[in-house]
Amino acid sequence: MPEQLQWSHQAFDNILKMLEETGRSKVSRERIADVLTRLMIASPDWPSQTQIAQGEMLPLPYRIAPDSVSRTVAILAADEIGLVTQHAPPPNRSGRPYKSLQLGGPRWAMVGVKIGHKEGHPVSLNVIVTGLDGRPIDLPDLPDHGDGRPYIYEIAEEDDLVERLAEVINRLCALPALRDRYILGIGVEVAGHVFEGEVIEASHNGMLGVALGRQLTRRLDDLADRLHELTGRHDPLPVIVDNDVNVLAVLQTYQPEFPENDLALVAVFDDGIGSALVLGGQVYRGGHGMAGEIAHSIVTGSITAGNTEEPPEPRSATTPAQGALPSFSNKCHCGRDGHLDCYATPIRIMGELGEQDFTEKTFASIAHRPTYANGKLTQEGKVFQHAGQTLGMAITNNLINSINPSRVLLILPPALVEFPPGSAAETYRSSLQDTIQLHAFSDAAKHTQITAQSLSGEQRRFIGALAAAIRVLDSLVQHAKHRCKCYDPKSRSESTHKDTTHPFASNLVGTR
Amino acid sequence: MTTSEPTNQADTIPARCAIGLDVGGTKIAGAVVTEHGHVLDYVVIPTPTGLAPHLVPDALKEFVQQLRGRHPEVESIGVGAAGIVEWPTGLIRWAPNNTYRELPLRELLTDATGLPTTVDNDANTAAWAEAKLGTSAAHDNMIFLTIGTGIGGGLILNGQLYRGRTGMATELGHMIVDPHGDPCGCGNNGCLEAMASGSALARLGRQAVVRHPNSLLAALAAQNNTTITGHLIYTAAQAGDPVARALFDRAGYWLGVGLASMLNIFEVDAVIIGGGLSETGALLLDPARTSLQQFIFAKQYRPIPPIRPGSFGTQAGVIGAAHLALTARTAPTPRASELRKPA
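Same order as they appear, the protein sequences are chains W and X. Okay, so the first sequence: first residue is 534 according to our numbering, each after it adds one. Okay, so the second sequence: first residue is 117 according to our numbering, each after it adds one.
I should point out that these hints are in silico values taken from the structure, not numbers from a laboratory. This structure is a prediction, so every number in the text was calculated from the model and none was measured. There may be inaccurate statements among the hints.
Said to hold, decoys possible - Computed footprint of chain W on chain X; a stretch qualifies when at least three of its residues, placed anywhere within it, have a C-beta under 8 Å from a C-beta of chain W:
1) 295-304
2) 382-391
What the hints assert, rightly or not - A few chain X residues that don't get close to chain W, going by computed Cβ distances all over 10 Å:
3) 184
4) 224
5) 273
6) 287
7) 290
8) 335
9) 355
Ideal placement from N, C-alpha and C gives every residue a C-beta, glycine not left out.
Bound-form chain W, shown alone (with noise of 0.2 Å):
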């Protein structure tokens, strides 16, 4: 039994109640959250039931008890869950007739919100709604329908954030394709520090202290009211709130390549640099929501060594002119100076080398221009290697010397992700190569493989709201699992194990 349940966590308590009632024998929760994560891994793939216990579609496949398997599906396809559905064999398939399930299906909606922000204000609402194995549902009721992005829904000044939120949502969740389905939950990303549901600060947004969770839950009672049809018990609706990263992280943990226990992802934005860390297969967000924070690590240039016996003085920072994009040598925005977010961003890059307007595509040019002129180190490539080499130091200090783990995976502008040889964006990802090789400890870096992904802002905000929206479909994973703050984490035995109940089990010493 939990310890202390969440409030955003008393339905999902309550759904898998219900599903341990409902069958002749009972299966644990564990069992279900297996299923479950087997079935999002395969997404949008329909696997079988021998394809589940088998584990076909994880990277290390290990098997589960065939009958179990068996058991948690017809609970979770019962006709009065729908959790699960079963198709139909395909016709003129040789060989043992078998069915093909489905996560979710017609009954089931989960929503994603990124919140989008610009010049420390929310400016629109990006939301997607998605069956539960997270491919997007088709709302032919509007005008802008279709191939599955995001819907944009402005924030006028004078709007209040969660009255918009909750207006959008429910106007949403009423439309004929939705207004039967159980909505599981809301999903929202936020970009700053999120703990438990509240936003504690987020200064791209102007968001201080605002429990957003539990103010937004008590304008969806209608969606609530659906899940008290199922479960009997009337429980807020759950409302997943996350920081933006940690969420692009928990995505990554469902997606079928994703082979490795413990991933340290780094994401380059405009104006900042966001990490998150999946620890044991999990995503971890410390003892209050802000851990993975390597963007305000301190990094070059910033500390004078001074004489050898006193402590040095920090050095002074300034602030751009009215106008004028900051540079390295400016203060960081929480007010600091040195830190990562100073140098390793695309504004900060323009900045540097004085240019007066930001937009993606300003920075592909100037991106792309060569590193060297006449046999000479450009002004450019000066900057995008000073760049590179302090976003490489504050990986290896905070990700690979203490995490060691086994990949950092960089999302990056796309001008970062394809340039031409020889140009200032490839001088910034080798200058980041390379000081990892020289800073790290042993041979870790050797061990730790560096991929990166290119995210335009585009992608962003439909990656950005899909991922929220299978936050949602993880809460309650995790909840199977024992593996949220609803459970004393103390009360686990330390395994001499891996832990099996995990689909990523690594190889305990092989390199993948």
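Given the structure of chain W, go ahead and fit chain X onto it with the hints provided.
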């Protein structure tokens, strides 16, 4: 061999107990410890020197036999060893101050004694003792730093030891706090170990007496040609020597810088400092607390965790190793030699 008096000869209620071993570069500590962390027997022997790979395992087997002879009720063995140790196989890949390499210690001890054995990194076992039995046992997330000649680290996240993929995680002593700082033994510059460890303190002390020949520290060093050690600097600082105190201020400052970065990443509930230098108390920890406050991110929005000395001093390693052996699940686990066979 030095033997200490047992701290608690008999528990009122018979308790399960295990042997805890702490294998360092210069000495091996062994203890019989109850599940509640009471030390029933504690012995220290020198680490065998010499290049032959069997020397340390042989010494450990003999040590276990000796302790088991006095305490036949022990039911398992836990080892904390310096270096890179794979978990749960107990394969010691490398240790900076020991000659053995790729040593399957868990397998060797299990085969030799017939007792279930766990082998982990020594900082991990000490962290485990503090996390489960120390005064900070209420915290789910905790950083343990052992500051002595070098700096080691153990990390408790969600109530569990975090070891990383190969056991190399939490090399917190090699977090770079100043890229332009002093050279570290690992080849980098400005590692926390190079800036705030006992050896860093001693190195800076040697430089300081040259610049300040009239200081108390220089006078103490001159007496009987004493080598400058962390302990000597501590003595001078305790006596009010401003040169020695400045050295502690500097080491504490860099310790705080490192802790700020660690807390930004791990956001734990407590920081526990163990190892020899922790005994200097406020001399080191007060400047560390000040610089931590200066550099930690968003201190106004979250509690800054306390920085405390550990509860078990130099016995943390053996207590944690034994407790880990008693509490780890004993399901059949892969043997290091089997895991390393090609597929």
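List of violated hint numbers, smallest to largest: 5, 6, 7
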